[in-house]
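A.B. asks: Going down the list, the sequences are from chains A and B.
Just so it is clear: in the first sequence, position 294 is 294 by UniProt numbering, and no numbers are missing.
Just so it is clear: in the second sequence, position 456 is 456 by UniProt numbering, and no numbers are missing.
Just so you know, these hints were derived from the structure itself, not from any lab.
Predicted, not measured: the structure shown is a model, and the values here were computed from it.
Hints are supplied without guarantee of correctness; some may be wrong.
[As the list claims (entries may be wrong)] Result set (DSS-like, lysine-lysine): computed pairs, CA atoms no more than 25 Å apart in a straight line: (1) K218/B to K108/A; (2) K490/B to K73/A; (3) K490/B to K128/A.
[Said to hold, decoys possible] Derived CB-CB ranges, DEER-like: (4) P105/A to S433/B: 54 to 60 Å; (5) P405/B to D62/A: 39 to 45 Å; (6) Y359/B to G135/A: 41 to 47 Å; (7) L286/B to R103/A: 40 to 46 Å; (8) E169/A to V557/B: 53 to 59 Å; (9) S11/A to Y80/B: 48 to 54 Å.
From the three backbone atoms N, C-alpha and C, an ideal C-beta is built for every residue, glycine too.
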Amino acid sequence: MSLEIRKISKSFGGVKALDDVSLSVETGEMICFLGPSGCGKTTLLRIIAGLEYPDGGSMYLDGRDLSSLPARKRNFGVVFQSYSLFPNLSAAANVAYGLECRRWPGEKIRKRVEEMLALVHLGDHARKLPHQLSGGQQQRVALARALAPEPSLLLLDEPLSALDAQVREELQEEIRRVQQHLKITTIMVTHDQEEALSMADRVMVMKDGTVMQTGPPMDIYKRPENSFVARFIGKMNVLPAQKEIPFQSHVAAEGSRPRIIGIRPEDVQIACCGREEGTFSGVVDQVVRLGNLTRVSLRVESTGGREKDLLILSELQGMGEGLEVGASLPLCIQPENVRVLEWH
Amino acid sequence: MALSRQEDEPSPRLLFRRMLTMISPAVFVRKMKGADGEALLRGLMPLLVALPLVLFVLYPMVHILGRSFQTPEGAGFGNYISVMGTSRFLGLVYNSFAVTLMTTGITLILAYVYAYAIQRTRIPFKNAFRLFALIPVFAPSLVQAQGLVLLLGRNGLINRTFGTDFSIYGYWGIVIASVLYVFPYAFLIFSASLAMADNRLYESSRILGAGSVRTFLKVTLPSTRFAVMASGFVVFTLVMTDFGNPMVIGGDYSVLATEVYNQVIGQANFEMGAVIGMVLLLPVALAVALEKWLTGGRNMEISDRAQPLRIQPHLPRDLAFGSLVLPMASVIIAVVGVVIFASFTHLWPYRMEFSLRHYNFDVQNGIAPLWNSIYIGLMAAGIGVIAAGLGAWVTERCRTFMDGPLYFLCIAPAAIPGMVLGLGYVLAFNHPSSPLAMLYGSLLLLAVCNVYHYHAQGFLIASTSMKQIAGTYDEASAALGGSFIRTLRKITLPLMWPTLVGVAVFFFMRSMVTLSAVIFLITPSTQVAAVSVLMLEDRGAVNQAAAFSVCIMAVVVGVLLVARLLLNAFGYRHISLIR
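Chain A with its partners taken away, still in its complex shape (with noise of 0.2 Å):
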């Protein structure tokens, strides 16, 4: 099934939560609502599962209207950040709560239920109450709840932030698989960039109610298109733009000139290119070595003018033997590891 929204808005109270954001979501698909909180990406996802409604903007599913249709008849499957089993009933009760409503005969609903609660590796806990399971455990069941009566699209609304580091990068892999293996249409709300990022064929990230960029993830990251995208996603030196940092100029506009621009810590070079263009000598300010990862943070002295010094972070692979404050290094940046963020 495909999503099309088209010009949602909400306000609270005179806040904006959402500014004409305009979105589509291809059949199979799966995609992330990245941002930080208060950006409206929670109340997106409560407007397309039919729990808020709109102030204004349209939603067509299949080019079916939906902005009328109550949340109950929408048949989307919702997975909860706070699990939101039925504290009073079993895990399969919980499974067969929605074919109850749809009105599936008995048997139907007994073997669907065993059904999914084997995809979610959870068969021998049937009969378990919500209290009596782990976490994770009950967010797998919250899983097979939701996809039990077919849905046609999954929304899930930070189904894993509540969840401690090692079971939440479980549970990612299991979503992703059980998504892929369903061939369902998925929207996902998360904060966690690595989250959206390692499990999305696309994403979404958004600031304030507004899109910032949508794209595919390893797009997202190569090509960020505004400063706020670029410090979100991953680290990024975002710096204002000189004349001796080169960049590929076939982006630039007409008549427009860069203003700020942006360099990944891993496109910091720390030798020469071998020609002038792209070279500076910097001094070493900080080393932070993580192991696998040594970060030196530069300062690379102005030109003099009206431009300030400035501090280049550079990331190496290794544990940066021989990496001292105070020396003095050459570094190389590559014009098409430069991107433009922002122009005049």
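With chain A's structure known, arrange chain B on it following the hints.
C.D. replies: Coordinates of chain B only, in the frame set by chain A:
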């Protein structure tokens, strides 16, 4: 009984905006396009809650207000002028405040000490002491005066034994009886507040070198200040509107509450009764409003990282508090105990041999009033659970523009003295032209009156519990395709039922022991047990009155035990039944 709202009230502006969105045509059409039976039903729910509240709270109040302005020369302030101009009236107001303020002061201090001893010291037999403090809740509201008269009255045990001529009737009699009457309510609030403490604060205080007095003044007292305010207002309201105790032990000392009774029952002067009722309403409504405004539901102020308090052993402290708590508990037990004892004597205090003759109830109506009370209690429990539960569900879950006004309507009865409500019922429903006149004189109306008299407390118990059930269950159910009826039936009610049992017990208990609201509504065939106690006491039939009181207590305790066992059997030990 503390009336507290724990969530943020939407601002009036926001409320207004919401109302505008509701009626703006575009939104309305969008909401209605997908409307099905469910949406329609959901829209009707607030009305289902509001309608009975309007009918059984506002409508009688409008009647009593109207009646107070009704004079032989037409509508006007004549009644007010003729009442308020008299020195008798000023004396009544003075008396009421003198009794109420004195009682409030004494009760707050004693109840705080008692609660402190139970929550913050290591005195032995805490559970027993806790139970003793709560005894008065199980008894008809005038049992304290009854017990005091049996002990200290003209023909009381003390005067008879020692040949003295000591008189308890009057101001101090009322104050002592009232303190005993309201003690458990203040104790419950303090106890809940003192039970919550952050050990880290106390450790810091000790490490910083503060002594125990300083720690108390700087840490304990500030953290319980909302409880002090809340119980102050609760006690004030209860004493101001109580009339059973002043009737029995007041002698010639009259207060506003007894005056309403005298005007209406004694002189059939409904206008004057209505006027004094309105006068009584004012301080009570003010107290309730002030409590809401000052405490604003903040009497449960503690961070979620708090560590439970570890009470250090400290013998002198425990001895001191033990020596304070023991006499207090003894007085409570003695006053109720003497009533039980007297009911089994041949003729108190002349012939003290054992006798069951007062349990024959060879009085007018016999034992019937007790059965009436039980029927009324059961009906009130049933109606009360539905009213309070539905009110809580609609205000907590339905998210309509009527939430604010509905919430106000649900807790408004807290500000209405029982006598005023009862008088309002007489004026509103004892009228041939009233569409509900057929209710008048029925046990059902008495039950309804009790439900709406105690609606605020029942509603708050239910809505507090509703708040603890996460709203996401409703959303999860809706997302899975469940209708709200199914959610209610399969999820909300199964999670709520222990609390609802508590609400039912609450309404039953109050119906068994209350006097003030029903006193104007009873007819010879709908006499209730608590009123029987008052009538018998008034006639001097103290033994029979005592026997009736004992029967009421037995029924209440019996029901409490059954409910407790039921809840325990299902593993709900934490649901408290005594409120």
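A.B. asks: Now tell me, hint by hint, if it's right for this structure.
C.D. replies: Comparing the hints with the structure gives:
| no. | hint | verdict |
| --- | --- | --- |
| 1 | K218/B to K108/A | violated, 65 Å |
| 2 | K490/B to K73/A | holds, 19 Å |
| 3 | K490/B to K128/A | holds, 17 Å |
| 4 | P105/A to S433/B: 54 to 60 Å | holds, 57 Å |
| 5 | P405/B to D62/A: 39 to 45 Å | holds, 42 Å |
| 6 | Y359/B to G135/A: 41 to 47 Å | violated, 60 Å |
| 7 | L286/B to R103/A: 40 to 46 Å | violated, 55 Å |
| 8 | E169/A to V557/B: 53 to 59 Å | holds, 57 Å |
| 9 | S11/A to Y80/B: 48 to 54 Å | holds, 50 Å |
Violated hints, in rising order: 1, 6, 7; the structure is consistent with all others.
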